[in-house]
Every structure is written in structure tokens, then in C-alpha cells.
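Just so you know, the sequences run in chain order A and B.
One rule links them: number in my numbering = place in the first sequence (from 1) + 8.
One rule links them: number in my numbering = place in the second sequence (from 1) + 45.
Source of the hints: derived by calculation from the structure; they are not laboratory data.
All of these numbers come straight from a predicted model, not from anything done at the bench.
Be aware that a few hints might be false.
Sample of chain A residues with no beta-carbon within 10 Å of chain B, all distances over it, derived [what the hints assert, rightly or not]:
#1 A28
#2 A29
#3 A78
Facing chain A, from chain B, some residues (calculated, C-beta under 7 Å) [stated by the list, open to error]:
#4 M211
#5 L215
#6 T449
#7 N451
#8 V454
#9 F458
#10 E491
#11 R492
Glycine included, each C-beta is placed from N, C-alpha and C at the ideal position.
Chain by chain, the residues run as shown.
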Amino acid sequence: MSHEQAFAEQAPAPDDQAAAAAARASDARLRAGAQVVLVALSCYIAVESLGLGLWTSFGPGPGFFPFVLAIALGLLALAWAAQTRRARADEDGPAERTDVGHAAAVLGSLVVLAAAMDLAGYQISVFVFLMFHLKWRAGRSWALSLVLSLAGSVGIYHGFDQGLMVQLPPSAIPLLAGWGL
Amino acid sequence: MDVLADLLGGLATALSPQNLLYAFIGCLLGTLIGVLPGIGPVAGVALLIPLTLNLDPTSAIIMLAAIFYGTQYGGTITSVLLNTPGEAASAITTIDGYAMTKQGRAGVALTIAALGSFVGGTVATVGLVVAAKPLGDLGLRIGPPEFFALMVLGISLLVALAGRSMTKALISGVLGLLISMVGIDPVAGAPRFTFGSERLLDGISFVAVIIGLFGLSEILVAARGGTAQAVAPGLRALLPGRADLRRSVPAIARGTGIGFALGLVPGMTGSVSSLLAYGAERRFSRHRAELGSGAVEGVAGPETANNAHANGALVPLFTLGIPASPTIAVLMGAFLQQGLTPGPTLFAEHADVAWGIIASLFVGNVILLVLNVPLVRVWTSILRIPYPVLTALILTFMVVGAYTINFSVFDVFVMVAFGLLGLVLRRLDIPLAPLVLTLVLGPLMERSLRESLELSQGDLTVFLTRPICVVLLVIALAIAVSPLLSRLLGLRKPAVLAEDPEA
Numbered sequence: 009m010s011h012e013q014a015f016a017e018q019a020p021a022p023d024d025q026a027a028a029a030a031a032r033a034s035d036a037r038l039r040a041g042a043q044v045v046l047v048a049l050s051c052y053i054a055v056e057s058l059g060l061g062l063w064t065s066f067g068p069g070p071g072f073f074p075f076v077l078a079i080a081l082g083l084l085a086l087a088w089a090a091q092t093r094r095a096r097a098d099e100d101g102p103a104e105r106t107d108v109g110h111a112a113a114v115l116g117s118l119v120v121l122a123a124a125m126d127l128a129g130y131q132i133s134v135f136v137f138l139m140f141h142l143k144w145r146a147g148r149s150w151a152l153s154l155v156l157s158l159a160g161s162v163g164i165y166h167g168f169d170q171g172l173m174v175q176l177p178p179s180a181i182p183l184l185a186g187w188g189l
Numbered sequence: 046m047d048v049l050a051d052l053l054g055g056l057a058t059a060l061s062p063q064n065l066l067y068a069f070i071g072c073l074l075g076t077l078i079g080v081l082p083g084i085g086p087v088a089g090v091a092l093l094i095p096l097t098l099n100l101d102p103t104s105a106i107i108m109l110a111a112i113f114y115g116t117q118y119g120g121t122i123t124s125v126l127l128n129t130p131g132e133a134a135s136a137i138t139t140i141d142g143y144a145m146t147k148q149g150r151a152g153v154a155l156t157i158a159a160l161g162s163f164v165g166g167t168v169a170t171v172g173l174v175v176a177a178k179p180l181g182d183l184g185l186r187i188g189p190p191e192f193f194a195l196m197v198l199g200i201s202l203l204v205a206l207a208g209r210s211m212t213k214a215l216i217s218g219v220l221g222l223l224i225s226m227v228g229i230d231p232v233a234g235a236p237r238f239t240f241g242s243e244r245l246l247d248g249i250s251f252v253a254v255i256i257g258l259f260g261l262s263e264i265l266v267a268a269r270g271g272t273a274q275a276v277a278p279g280l281r282a283l284l285p286g287r288a289d290l291r292r293s294v295p296a297i298a299r300g301t302g303i304g305f306a307l308g309l310v311p312g313m314t315g316s317v318s319s320l321l322a323y324g325a326e327r328r329f330s331r332h333r334a335e336l337g338s339g340a341v342e343g344v345a346g347p348e349t350a351n352n353a354h355a356n357g358a359l360v361p362l363f364t365l366g367i368p369a370s371p372t373i374a375v376l377m378g379a380f381l382q383q384g385l386t387p388g389p390t391l392f393a394e395h396a397d398v399a400w401g402i403i404a405s406l407f408v409g410n411v412i413l414l415v416l417n418v419p420l421v422r423v424w425t426s427i428l429r430i431p432y433p434v435l436t437a438l439i440l441t442f443m444v445v446g447a448y449t450i451n452f453s454v455f456d457v458f459v460m461v462a463f464g465l466l467g468l469v470l471r472r473l474d475i476p477l478a479p480l481v482l483t484l485v486l487g488p489l490m491e492r493s494l495r496e497s498l499e500l501s502q503g504d505l506t507v508f509l510t511r512p513i514c515v516v517l518l519v520i521a522l523a524i525a526v527s528p529l530l531s532r533l534l535g536l537r538k539p540a541v542l543a544e545d546p547e548a
């Protein structure tokens with residue numbers, strides 16, 4: 009292999025370089041944001057702790073521990089910010105990358121499920137949740153999606169109810185509850 | 046003889062049909078969790094805690110402990126058959142385990158791993174039995190100041206779980222402590238950081254936090270596709286030859302010693318034990334030249350070590366109340382949910398429960414051996430389920446697990462929020478293990494400190510006038526400053542200790 013060939017294989021393409029630079033900038037923003045949030049959190053907890061009372065005649069009061077921890081959190085966040093400034097960009101990179109679309113779909117569907125569960129009941133809400141993930145996100149066949157969604161909703165509901173004596177939420181709508189949902 | 050009588054009493058408890066059933070279910074679920082990608086032992090044990098809340102304490106802990114050591118075996122199956130470790134401690138097994146699979150000797154690798162796991166786990170449990178009595182007697186001399194010192198010692202282990210950055214580990218630890226402060230203050234009864242919500246008066250649900258941080262965030266990190274292509278070995282192929290057994294014996298012996306010894310050291314993880322056991326084989330095995338190309342020693346040594354480690358790590362939990370790893374911290378959380386405080390006082394106040402659980406470890410190791418080798422075909426068929434389908438089903442179980450803690454949708458929202466927090470912490474390379482440790486130990490430490498100071502009427506010298514307390518605090522201080530000493534002496538941390546254990 010010639011020198012030029014080797015270099016051509018090892019050197020990243022301009023598009024890759026731009027993507028890497030964008031990712032580094034995004035990571036830097038995330039780190040800076042996290043450090044600001046931690047300092048703000050430490051200030052809030054310290055102020056709240058003072059209101060709870062730091063010391064009583066028998067020793068530490070309810071606010072003592074949180075106050076000490078808030079101060080520690082603030083100092084650690086500042087130390088982290090100082091370390092980040094000193095470190096080269098590539099030394100403090102993120103540990104794991106995230107597929108934002110995937111994370112948003114999972115989190116969003118869980119929030120909708122949790123919000124709907126008390127009203128629609130476990131069986132209907134989990135059935136819809138599983139259909140969303142199996143049919144629309146994973147692209148499985150209708151038959152497989154229906155069978156697994158029914159097993160995960162109706163099956164688990166009755167399995168927990170009769171096998172483990174654990175009641176999952178029924179629907180708050182009388183008509184649906186009357187149908188055993 | 047007292048120990049023998051206690052152990053026999055414990056065996057009678059562990060062998061009752063009900064407890065046998067729970068140990069069996071725990072072993073099955075543990076192996077399943079070990080086999081499944083995307084759900085590690087920490088989230089797995091936490092997920093199943095709600096199902097045990099209605100059980101009596103002995104049965105509940107027997108089942109959860111069985112899940113814990115069952116995961117060790119489950120991880121081996123994917124390491125050997127798929128070249129993908131189901132959990133971190135089995136990573137090194139992939140080298141020779143997968144090479145044996147390519148040679149058509151997967152069955153032998155799995156059987157030897159099961160035998161080694163059985164021997165390692167059983168010997169480590171014998172160690173627990175031997176250590177339990179003397180350390181348990183210590184319980185009679187433990188008051189709030191000593192308990193506080195023990196908790197400080199436990200939290201100082203955060204240093205060992207630090208990963209790459211001590212600052213980030215400390216941030217994680219402080220966040221865990223702050224989360225544990227939410228709710229009614231344990232001494233004065235004042236509500237703290239509840240934002241006027243009645244749901245937060247009892248604190249943030251420990252189980253929902255762990256499921257979110259470890260389980261949900263793992264799923265959020267990345268979408269995975271595809272299906273594993275695992276082929277199950279036939280029953281006849283499972284039987285090792287005489288040469289395999291003869292070659293495995295020294296490796297199993299070395300793995301047992303290394304795993305048990307390191308299991309006793311809080312902060313050491315099963316991955317370190319299995320790596321060192323593999324290193325020992327490279328150095329001492331008569332067949333070391335074959336390592337890396339399908340040598341049975343490369344499976345026997347690490348697999349024995351990680352199971353000996355798992356059972357050995359229960360010694361500090363049972364005898365001192367110190368969780369040696371995040372999974373053990375979750376197990377300790379399960380003890381606390383059942384109204385039991387692991388540590389010296391456990392043997393003084395609930396000796397029957399403690400010995401029942403210890404005896405169940407022997408029973409569980411036998412169940413794993415008898416159950417898992419013939420069931421390899423079942424586990425491999427589970428591996429053929431496409432990952433997106435598994436993800437959807439795992440998410441459903443997470444929702445059920447979070448909901449059934451208090452039968453409240455609020456805990457599902459808590460799980461989702463902590464899943465998001467876990468995702469952010471992973472992106473920022475902040476380790477999760479210290480957070481779990483402090484989340485469990487924080488409330489105990491605060492309560493014992495304040496009880497101590499009430500006893501001494503606010504006099505802080507109470508911690509310096511009691512010998513056990515002083516010794517424990519000195520050890521904690523030594524552990525806490527050890528990274529500084531290492532830096533001064535120019536010692537480098539081994540790469541294996543830089544990873545976030547069990548995350």
C-alpha cells in the first residue's frame with residue numbers, strides 16, 4: 009500500500025469532520041448547561057435548607073444534611089466546569105451517543121401511557137402502547153403485533169390479578185370498567 | 046456447632062416448598078435477565094422488587110438473591126453462543142467461550158461454566174457462613190454511632206466506583222443523597238423538598254428511580270435492531286469429556302479463590318474478578334498457549350470467579366451492611382423495604398431470616414446447575430426474539446414494576462423522569478453506580494448521625510470515644526484519601542476499574 013493510499017484511508021472525509029465538530033459543539037453545550045443547572049440546583053437547595061433549620065439543641069436539624077450537600081454539589085459543579093475548561097475538547101467527550109428520535113418516541117409514548125392509564129385503564133392503554141411500538145415502530149406484522157399486544161395488556165392484567173393478587177388499574181370510565189377493561 | 050445448628054435451621058426454612066419455589070422462580074428470572082440484552086442485573090432486581098412486597102421477608106429476599114446470582118449465569122450463555130456478554134462480568138468469557146462455539150463445543154463450554162459457577166458460588170457461601178457468626182456477634186455492640194461509622198465507610202466506597210472522573214462520581218453520589226432527602230425528615234418529621242405534594246411525603250420511590258436510571262436509560266441510549274443468531278447445542282453435546290473436566294479443576298480452584306477474595310473487597314466488581322482469573326490462567330495454566338483459541342480454562346476460570354465474587358460480595362452486606370456493588374445496593378434496598386436492616390444487627394434481631402437466606406444460596410446454586418444446562422435451548426430461543434419486540438415488552442414490565450410499588454401512576458412518571466436523567470448522565474459520562482450507593486445509604490447515615498447526637502446531646506466527640514466507631518472511621522478515611530495517595534505515588538488505575546460497573 010502506498011503512502012498516499014494509507015493516508016486516504018485514514019484521513020476522515022470533510023463531511024465526517026464537520027459532523028464530529030458539530031457533535032463536539034453539542035456535547036460542550038450539554039456539559040455547560042448541566043453545570044449551570046447543578047449550580048442553580050445547589051443554590052435552591054441551600055436556600056430551602058436554611059428555611060428548614062440547620063441546628064437544634066440536639067444537633068443537626070432537618071436542613072443540615074441538605075445544606076451541606078447543596079454546598080458540596082455547587083463546589084463540585086464549579087470544579088467540573090474548571091476541569092472542562094482545562095481539558096482538551098477530545099478528553100472530556102460523551103460516553104454514549106443517543107438516537108434522539110428513538111429516545112423521544114420511547115419517552116413520549118411512556119408519558120402518554122402513564123397519563124392515560126388511570127382513565128382508560130391498564131388494558132386499553134398498554135394495548136395501544138404495544139401496538140405503537142410493535143406495529144408502527146418495529147414494523148411487525150398485524151397478527152404478531154395483535155397477539156403480543158393482547159398478551160402484554162389483557163394477559164398481564166389477568167395474570168397479575170388472578171395469579172399474583174395484584175390489581176392493575178381498571179378504566180375509570182364506568183362503561184369500559186363494566187366490560188372488564 | 047452453633048453455626049451448624051443455625052445453618053441447618055436455615056436449610057429447613059430454605060427447603061420449604063414455598064421458598065424452594067421462590068428460589069426456582071428467582072433463578073429462572075435471573076437467568077432470563079442475564080440473557081436479555083438491554084436490561085442489566087441492577088434494573089432487573091429493582092424491577093422485580095414490587096412483586097415481592099406482598100411476600101414474607103425471607104421468601105422475598107430468597108427470590109431477589111436468586112435473581113441476582115442467576116444473572117451471572119445468564120450472561121455466560123450469550124457470551125459463549127453469541128460473542129456478546131449479557132452482563133459485564135462475562136465479557137472475558139467471550140474470548141474462549143465463543144471460540145469453543147465455533148469449534149462445535151458450545152455445550153461443553155456452557156456445562157463447564159455452570160459447574161464452575163456452582164463450585165465458586167458454593168465455596169463463597171461457605172465463606173459467608175464462616176464469617177457470619179463472629180461478625181454477627183459484633184451486632185450486639187453496635188449502637189447509632191457505630192452504625193453511622195459503618196454507613197460512612199459504605200459511602201467512602203464511592204471512591205472505588207468512581208470510573209474515569211472522581212469529580213463526576215462525587216456529583217453522582219451527592220445527587221443520590223439529595224434524592225434520598227426528599228420526603229419526611231427521619232428525626233424531626235419535617236417535610237423536605239416535597240413541593241407541597243402529598244405523594245412525595247414518603248420520599249421518591251427507590252424502585253422507580255433505579256428502574257428509570259438503569260433500565261429505561263439503557264433502552265433510551267440507542268435503538269437496536271436485528272435478531273441474534275444463536276444456535277443451541279444438543280443435549281449430548283453438553284457433556285464435557287474427562288480431559289475437559291481434568292483441565293478445568295485447577296482453573297475452577299483458582300477462580301474460586303480470586304472471586305471470593307475480591308468479592309469481600311467492597312467496590313470491586315465481578316468484571317475485575319473474571320479478568321484477574323483469566324490473567325491467572327494465562328500465567329499458571331499448563332495449557333496457557335491454547336488460551337484465546339477455545340481453551341476450556343478460559344471459560345472455567347472467569348465464570349467460576351464471577352459467581353464466587355457474586356456470593357462473596359454478600360459477606361460485607363450480611364455482616365456489615367455495606368453494599369459492595371450497585372446490584373447489592375439494590376438488594377439492600379429490598380431488605381429495607383421489607384423492614385430488615387442488613388448488617389451486624391440482622392443476626393441479632395432476625396437470625397432466622399438471615400440464616401434462611403444464607404442457606405437458600407446453597408439451594409439456589411444447585412437449582413441453577415440442574416436447571417440451566419438442560420434449558421440452554423430455551424434461552425437461545427429467547428435470544429432469537431427481535432430486539433425491538435423485546436424492548437416493547439421490557440418497557441411494559443417496567444411500567445408494571447413502577448406502578449405496583451404504590452399502585453400509583455405517579456411512580457410511572459417518576460420512572461420516566463429518572464430514565465431521562467439517566468440518559469443525560471450517561472451522555473455526560475457521569476457514573477450511575479455512586480448514585481445508587483448513596484441513595485440507599487444516605488437516609489441510614491443521616492438517621493444514625495442524628496440519633497447519635499441526640500444520645501450525646503449534641504456532643505460530636507461521641508464518635509471519637511467508642512473504639513469500633515474510631516476504627517471504622519479511620520478505615521473510611523483511608524479509603525477516601527486512597528486516590529490522592531495513588532496519585533502521589535504515581536500509581537495508575539487499571540483500565541477495568543475505569544468503567545461504570547453494572548451500568
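To see whether the hints hold, each was checked on the structure:
| no. | hint | in the structure |
| --- | --- | --- |
| 1 | A28 | holds, 16 Å |
| 2 | A29 | holds, 18 Å |
| 3 | A78 | violated, 8 Å |
| 4 | M211 | violated, 10 Å |
| 5 | L215 | holds, 5 Å |
| 6 | T449 | holds, 6 Å |
| 7 | N451 | violated, 12 Å |
| 8 | V454 | holds, 5 Å |
| 9 | F458 | holds, 5 Å |
| 10 | E491 | holds, 5 Å |
| 11 | R492 | violated, 10 Å |
In summary, the numbered hints that this structure violates are 3, 4, 7 and 11.
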